[in-house]
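First to last, the protein sequences are chains G, V, A, W, L, B, D and E. In terms of this note's numbering, the first sequence is numbered consecutively and its last residue is 268. In terms of this note's numbering, the second sequence is numbered consecutively and its last residue is 268. In terms of this note's numbering, the third sequence is numbered consecutively and its last residue is 268. In terms of this note's numbering, the fourth sequence is numbered consecutively and its last residue is 268. In terms of this note's numbering, the fifth sequence is numbered consecutively and its last residue is 268. In terms of this note's numbering, the sixth sequence is numbered consecutively and its last residue is 268. In terms of this note's numbering, the seventh sequence is numbered consecutively and its last residue is 268. In terms of this note's numbering, the eighth sequence is numbered consecutively and its last residue is 268.
Derived by calculation from the structure, the hints in this document are not laboratory data. It should be emphasised that the depicted structure is a prediction, and the values quoted were computed from it without experimental measurement. By construction, the Cβ of each residue, glycine as well, lies at the ideal position given by its N, Cα and C atoms. A couple of the hints might just be wrong.
To be verified - Facing chain L, a subset of chain W residues (Cβ under 8 Å, in silico): (1) Glu17; (2) Ala27; (3) Ala33; (4) Leu82; (5) Lys85; (6) Val93; (7) Leu96; (8) Tyr103; (9) Lys120; (10) Val190; (11) Ser192; (12) Val195; (13) Pro196.
Claimed, not checked - Keeping only pairs whose Cα atoms sit at most 30 Å apart, straight-line, the calculated DSSO-like set for lysine-lysine is: (14) V:Lys194 - V:Lys105; (15) E:Lys215 - V:Lys194; (16) E:Lys91 - E:Lys105; (17) W:Lys105 - L:Lys215; (18) B:Lys194 - G:Lys91; (19) B:Lys194 - G:Lys215; (20) V:Lys215 - W:Lys105; (21) V:Lys220 - V:Lys194; (22) D:Lys220 - E:Lys194; (23) B:Lys105 - D:Lys59; (24) L:Lys194 - B:Lys59; (25) E:Lys220 - E:Lys59; (26) L:Lys215 - L:Lys91; (27) A:Lys105 - A:Lys194.
Protein chains: 8
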Amino acid sequence: MPLETKITRTIVTATAEEWAEIANVDVVIVGAGPAGMTAARYLAEKGLRVVVFERRLSFGGGIGGGGMLFHKIVVDEKTVPILEDFRVRYQKRNDLYVVDAAELMAKLAAHAIDAGARIIHGVQVDDVIIRYDPLRVVGVAIQWSAVIMSGLHVDPLFVYSRAVVDATGHDAEVLSVFSRKVPEAELIIPGEKSAYAEEAEKLVVEKTGRVLPGLYVAGMAVAALYNLPRMGPIFAGMLLSGKKIAEIIAEDLRA
Amino acid sequence: MPLETKITRTIVTATAEEWAEIANVDVVIVGAGPAGMTAARYLAEKGLRVVVFERRLSFGGGIGGGGMLFHKIVVDEKTVPILEDFRVRYQKRNDLYVVDAAELMAKLAAHAIDAGARIIHGVQVDDVIIRYDPLRVVGVAIQWSAVIMSGLHVDPLFVYSRAVVDATGHDAEVLSVFSRKVPEAELIIPGEKSAYAEEAEKLVVEKTGRVLPGLYVAGMAVAALYNLPRMGPIFAGMLLSGKKIAEIIAEDLRA
Amino acid sequence: MPLETKITRTIVTATAEEWAEIANVDVVIVGAGPAGMTAARYLAEKGLRVVVFERRLSFGGGIGGGGMLFHKIVVDEKTVPILEDFRVRYQKRNDLYVVDAAELMAKLAAHAIDAGARIIHGVQVDDVIIRYDPLRVVGVAIQWSAVIMSGLHVDPLFVYSRAVVDATGHDAEVLSVFSRKVPEAELIIPGEKSAYAEEAEKLVVEKTGRVLPGLYVAGMAVAALYNLPRMGPIFAGMLLSGKKIAEIIAEDLRA
Amino acid sequence: MPLETKITRTIVTATAEEWAEIANVDVVIVGAGPAGMTAARYLAEKGLRVVVFERRLSFGGGIGGGGMLFHKIVVDEKTVPILEDFRVRYQKRNDLYVVDAAELMAKLAAHAIDAGARIIHGVQVDDVIIRYDPLRVVGVAIQWSAVIMSGLHVDPLFVYSRAVVDATGHDAEVLSVFSRKVPEAELIIPGEKSAYAEEAEKLVVEKTGRVLPGLYVAGMAVAALYNLPRMGPIFAGMLLSGKKIAEIIAEDLRA
Amino acid sequence: MPLETKITRTIVTATAEEWAEIANVDVVIVGAGPAGMTAARYLAEKGLRVVVFERRLSFGGGIGGGGMLFHKIVVDEKTVPILEDFRVRYQKRNDLYVVDAAELMAKLAAHAIDAGARIIHGVQVDDVIIRYDPLRVVGVAIQWSAVIMSGLHVDPLFVYSRAVVDATGHDAEVLSVFSRKVPEAELIIPGEKSAYAEEAEKLVVEKTGRVLPGLYVAGMAVAALYNLPRMGPIFAGMLLSGKKIAEIIAEDLRA
Amino acid sequence: MPLETKITRTIVTATAEEWAEIANVDVVIVGAGPAGMTAARYLAEKGLRVVVFERRLSFGGGIGGGGMLFHKIVVDEKTVPILEDFRVRYQKRNDLYVVDAAELMAKLAAHAIDAGARIIHGVQVDDVIIRYDPLRVVGVAIQWSAVIMSGLHVDPLFVYSRAVVDATGHDAEVLSVFSRKVPEAELIIPGEKSAYAEEAEKLVVEKTGRVLPGLYVAGMAVAALYNLPRMGPIFAGMLLSGKKIAEIIAEDLRA
Amino acid sequence: MPLETKITRTIVTATAEEWAEIANVDVVIVGAGPAGMTAARYLAEKGLRVVVFERRLSFGGGIGGGGMLFHKIVVDEKTVPILEDFRVRYQKRNDLYVVDAAELMAKLAAHAIDAGARIIHGVQVDDVIIRYDPLRVVGVAIQWSAVIMSGLHVDPLFVYSRAVVDATGHDAEVLSVFSRKVPEAELIIPGEKSAYAEEAEKLVVEKTGRVLPGLYVAGMAVAALYNLPRMGPIFAGMLLSGKKIAEIIAEDLRA
Amino acid sequence: MPLETKITRTIVTATAEEWAEIANVDVVIVGAGPAGMTAARYLAEKGLRVVVFERRLSFGGGIGGGGMLFHKIVVDEKTVPILEDFRVRYQKRNDLYVVDAAELMAKLAAHAIDAGARIIHGVQVDDVIIRYDPLRVVGVAIQWSAVIMSGLHVDPLFVYSRAVVDATGHDAEVLSVFSRKVPEAELIIPGEKSAYAEEAEKLVVEKTGRVLPGLYVAGMAVAALYNLPRMGPIFAGMLLSGKKIAEIIAEDLRA
């Protein structure tokens, strides 16, 4: 058998087996940004079957650009234990903790994967799966982001799950599609407010949680849902929110 | 198991099994236009394993637009037996045979498939696989056309085969990529000449054939390769070229 | 007379004769997707004059992309008789019937055409023709889709008909233009709901029918009109909806 | 019969009759700019069957923008008789004759049409028809410009003629496609030179004429073919060139 | 003085003199389509100072594309006198009068200009000038359409006039900008209704007239303003509307 | 040390020092158009720390295009003292003062900078910083405009300030983002009204002022906020508004 | 006369008078970047009639972006006298002189204008005017850059001059159009080389000069013409080149 | 000091300090794909100062898309030690080693950073710095990729280094710019050949090395430089090439 045939068969077969498993998992996390990857790690560590869908062919969300392309981001003291869990180095300056953007991205992903989470790139969640009585979310409809970018009209596939986390950032993409397509849920997504870094950091963690049965929100999507202020290149809230949602879901699924 | 999980698993599994087979076939035909689909039918009928890759999510090549959007095309008398093989209705007018464009498209595809050929949509051939001593073509590198349209950078997969047919029309896409990337083959693609319908119909069939071991050309790609005149909305040459290449390949592979 | 003049005259004349007939038909179906082509076949079989306008130069709607580009689609048991009417092969797996996407596309078109329906490619319906007392639809305004894509400003032509079917899928294009331009009809198009495959399959067939005198809806446009859930790459509902609308219209026109 | 059906049938039938005639004419002029419309008028006046194909839905070429959007153009004394033939008003200033751009456009078209020429809008000539021994041009391949702008792949129709005039301006579109597709003609299109108004006016008329049997050039396309200087918003050369080519062709066709 | 300097000085000076006059006229007509050019001719004939601003570098509005690119349009019997005023040839067929699209465009423009109207190409009206007590329109703000297409940010110039006619067709551009920017006028532009050719032809003429002091509407903009049905490639209403608005304005300005 | 290293270190270090200062200033002016630069000069002259953020890599706002690309603008008599402050030459004509557009742009910038204001190019203000009790604006979130044009997702940096002036012209960009993101402020931006030059000049100066604590408006953004008429290429209002806002802010900050 | 009419007449008349003068000048400088504006000032100071055409609606060329958006640029010691001529402040650091980018842009323009040069924005030079025996450049063809960006086809106007300076930077636009359109000049534009700041600064000044009679080159266009290395955000060479070309031209024109 | 000011100052200062160091390093690696990150780790481990510039805001090059979006890639046995160095898990199948694409991306980056390499995102190398006698490369010119995507014209900054590695993949971007701008180097980049996986894997490692003093090539850029066959989603060659170039450079720099 020529090497080219072997490559194709090996990749298609190994991937298809994994897709058959992915079709039914415990938690779908949408978005491989800071909140999503933090959540993925802590959830996987608890033994749950976790898949993260990321529309780009990379991870990190808004981390890579640092602050206005200056390649550092900052966090506060409360976040230091998470940095240490992920083995991210930091430097203290003006009461803040400075972190290299590239390092944070790499370590969040590496540790989420080592904990057992799957990160699937190039896949966009373009809808949720619902059930009634009570109205709840039981999974997602997915599509190659290449298909969406190309403008071709192709049907999605489905992933059934016990929990879905919107960790897509400012646009709160999952909540938005749900609020538009299921008007009876009366969910409104006002978007984030103008900047107020201190307040934002605090509130985004406080409001992280369950939106309705099966549907959860973490990271900047929390700000979009509750019209909270925006926070800029300080990432404490993102990491703490990711950790908190992991705890809430673990609790709910154990129930 | 919820219906959504069942749908995903069924489709992924059934497709993956087929992809494992496709990774190694007798004939790869590139382009589901008139020449490609005609060739596919006659090759499959002879028991060869045939796959047609078509970058669009449909078939028909240039047939669908008829002549300047007028929805009929014409053929000449010599092509009538092929029309009858495919059960396409025709009407005689001014010594020409008028055919409905939509019917021709549908029937070419339906009969190629019934004969056993596989038509895979949304897949673009973006390179060939080569071997040396002698220089020959032993398959193709393929990519989702959605990926190419999206501008994302993704590696291809490979399909190994005994024969590859360029039936991509005016652009002779397979020959072009080969001539650019394998300069030692000294293949030049001058493109088609200005219009001369009568001459074009005759020459395109005459020149249909093998380009080098493993690489064949049919349909308008023949005109592009040999700088033959263009023919417009008369499709006799296309269908006859498709039938002829099928015979040549069947002969070569039997050898 | 040179062959080139003969080609032009033959095509223009043959097409113009057909356009003169098309200007006044029994049923206009908008969209050559699964529901539209199924309806076309069963309506034509009953002896009605049927024309399908499809904006692309091909047919199949969303079939060609399978499920997320995996080239298979599924149906359920109730749809098997339709598959057999169209001579589409199927394979049973996990209680579902797997069908090759390319084969389904080709056979739907081939059998609709054999039954006597005309499929005209490259034509977009950009408005309806109306009458009052009672408010009703009596045909469509059409335009080359090339003209619309080019942004040129060109007047449409008209096709008068006894029934118009919106089979344009998710966008419900005909209903949408009608609801926007004829506000007194008080038609609202909420769009489809999030996914729930089982429910969707059932409801879309149930709700298939007449919207107001002369205007009918089939396929995914039904989901858009009644805010029904979406169903993904399972096509039972599409085919059953196409068949049902054919029966309803035949009944109405006989009256 | 409803008015809508009547409109469609009347327009399609009247147009199709004309297209059947257009399929075989004496002279095809490509481009409805100043040179093309001047030529059309003088040729039609001599009783020849003339069709002008213009890719836009209007006429005038570069006239409408005047000079850098200032809505006047100028000509010199030698051109006054042509202005008077077309009943265009002028005003003498600094030894030049000033003309309103809009008036010139309208009158060129109105008088060409009154003389019997047909101007067909929205049609692009995308190739020529050739014959050998000797190599000659016997017509053109045409396409809706909407189709070309839309990027759709559709076959052209053909118009057979005794003479083809490239009056497409700076781009010399017909000569360019011919030179690229028929390399054995060894025709090179160097493009126009930098500006030298006086010289340009004189040379463009001098060089107006036959390129090879059946193929003629007039207007700015002459400058493109012979690398003559460009002339800006002085249109004497354009009008004189149009008149001259009419005389040359009339002579050739009488032979 | 070199010829190039002479050309520039002659054109700039002649144009600037005309612009100084255009800065204050009797009637501004926006759009050089069928209604606008008809109105321009009849108004200029009555001795009024008329300027037509057309954003394209040509005239004709939707005429050039005929019906779906078929190059004929139709009118009814009532319009024959206008055709004869403009010396447009016609042919009777199925109770309709068929006219060549190119001829109609050219003759409308030629006769409007001969009557004394100015047509200025490449200029877009992007606002009106207003006064209060009572709220009225006293002119327009204009911009090069090239500037608008280029996305550059440039201030407009002003043209003061006694009457402004919106003859911009389906989009009713002048009315739309006025209704958006002067909310206290409570003008709503619902847009045209679906097609009903007979009714549309009648109503569009009936409703042609003054909208508020200084602001008038003619042609398809009437349909947009009063939600009247659309009419397709039958142009009787357009020409009659243009003639009627000329009579109304002449009357008003005489007062 | 090679010259290339020296260049990079010198520029990065000099700029970083300045950015550290810019992070906390007295006044942020958004937009380097006529109102913004006038304000910047008079504010800086009073000893306040002023930074102007301009998204383009140049200054002048709408001045550079003059009136419809004619390269002059006009002002009235009241503005002459400001022209003289900035040493801009003028010429009296028809009771108006004509100024060269290029000169006005250059001198506004040169004198603002000489007075001590900083103009930072290529930076877009994409949000404000807020505080509550009372609701107030205390700075801005900024981003490279290159980042926004590129579509990349990057976090902003922050600039804290005692006053923020929206001098962004017609779009009132700062007010718009604030009104959208802080709905409890109940700020509505109706946009400017149609043209009425005389009234506009007067009202825009009259309404220039504070919007809420910390947030000010000057120039055409005033017209957008209060639905005032537009004024075209007369710039008296812009310059007077810039001067007035400087006086108001100086007063407020002194308090 | 209403104010709006007065504004239009004043601007059009004042501008047209200036255009009549511009149609024939001593020196045309193409590009209002650092080299062009420096040259303009020193040439105008010597009493020559100078016009600078700049395609954007601003000035500064590459200055505004500083070095990689860091808003400072550097020069060396030899350039200090030019900074002082233009009253640009500087700060010494690591043997280099740091200058604020915004200040340099503003002051270059302000002082060039004060010296008597005209800077016309929004105008692109798209060709030169030539004469023969000997081959020489005697002016330029100009076009609104808005027209070029819009893709409209409009004729240029002409400006006759004794000298033309290409100061368009990296692209050497004037030299490029000349080399393409006047092949007999055998001018080749290889483009700039990779970076070598020290060498580049020296060579660009050395090679600044006359290209052929009437055609001169300054600034980065010198590097493009002679394949010199690139220099990055150090602007000494640009300013010195601008000053040198002014001296050369003054000398040549005096002769 | 408000938190927002603190964030900005901390990030700007920390980053500027690092940029001052980056301005002069031992090795610049261009491209954070598999070869670049592998090289970065092994070089940094040897104590060299290494910076990787990556134009995207992420890392991984072509890894993220797996093979045609199937999210696995394969390597062969020789690569297992590198996988183990980076702690990447693998599974043996058909004699190949299957690796999860996401895991490989994350671990390559994490370990390169832990070894001491800096990865800077959003920065594009758009030129090299050269010296003569002998011709050599001594660093790179860099630009924000956002600036390049936005089309703005901004000068670059410089990074001086002892070695530059082109690890940009198929396009060999650094080699290409160098070969175009320094023609005397006579470097030709023919691009990669058609696919031949086995041969490609072997040759790409063999040819990895120094191109001229200071300039090195690794990964797919090697194939582009030497016209080697392409290899598809098998990454053994990439990782081995990255490791080999690290050894070669370490050797050269020690010399």
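Right, here's what the structure says about each hint:
no.	hint	result
1	Glu17	holds (5 Å)
2	Ala27	holds (5 Å)
3	Ala33	violated (13 Å)
4	Leu82	holds (5 Å)
5	Lys85	holds (5 Å)
6	Val93	violated (16 Å)
7	Leu96	violated (14 Å)
8	Tyr103	violated (11 Å)
9	Lys120	holds (6 Å)
10	Val190	violated (22 Å)
11	Ser192	violated (29 Å)
12	Val195	violated (29 Å)
13	Pro196	violated (34 Å)
14	V:Lys194 - V:Lys105	violated (46 Å)
15	E:Lys215 - V:Lys194	holds (19 Å)
16	E:Lys91 - E:Lys105	holds (13 Å)
17	W:Lys105 - L:Lys215	violated (47 Å)
18	B:Lys194 - G:Lys91	holds (28 Å)
19	B:Lys194 - G:Lys215	holds (19 Å)
20	V:Lys215 - W:Lys105	violated (61 Å)
21	V:Lys220 - V:Lys194	holds (24 Å)
22	D:Lys220 - E:Lys194	holds (18 Å)
23	B:Lys105 - D:Lys59	holds (28 Å)
24	L:Lys194 - B:Lys59	violated (38 Å)
25	E:Lys220 - E:Lys59	holds (23 Å)
26	L:Lys215 - L:Lys91	holds (11 Å)
27	A:Lys105 - A:Lys194	violated (46 Å)
Going down the numbered hints, you'll see the structure goes against 3, 6, 7, 8, 10, 11, 12, 13, 14, 17, 20, 24 and 27, while the others check out.
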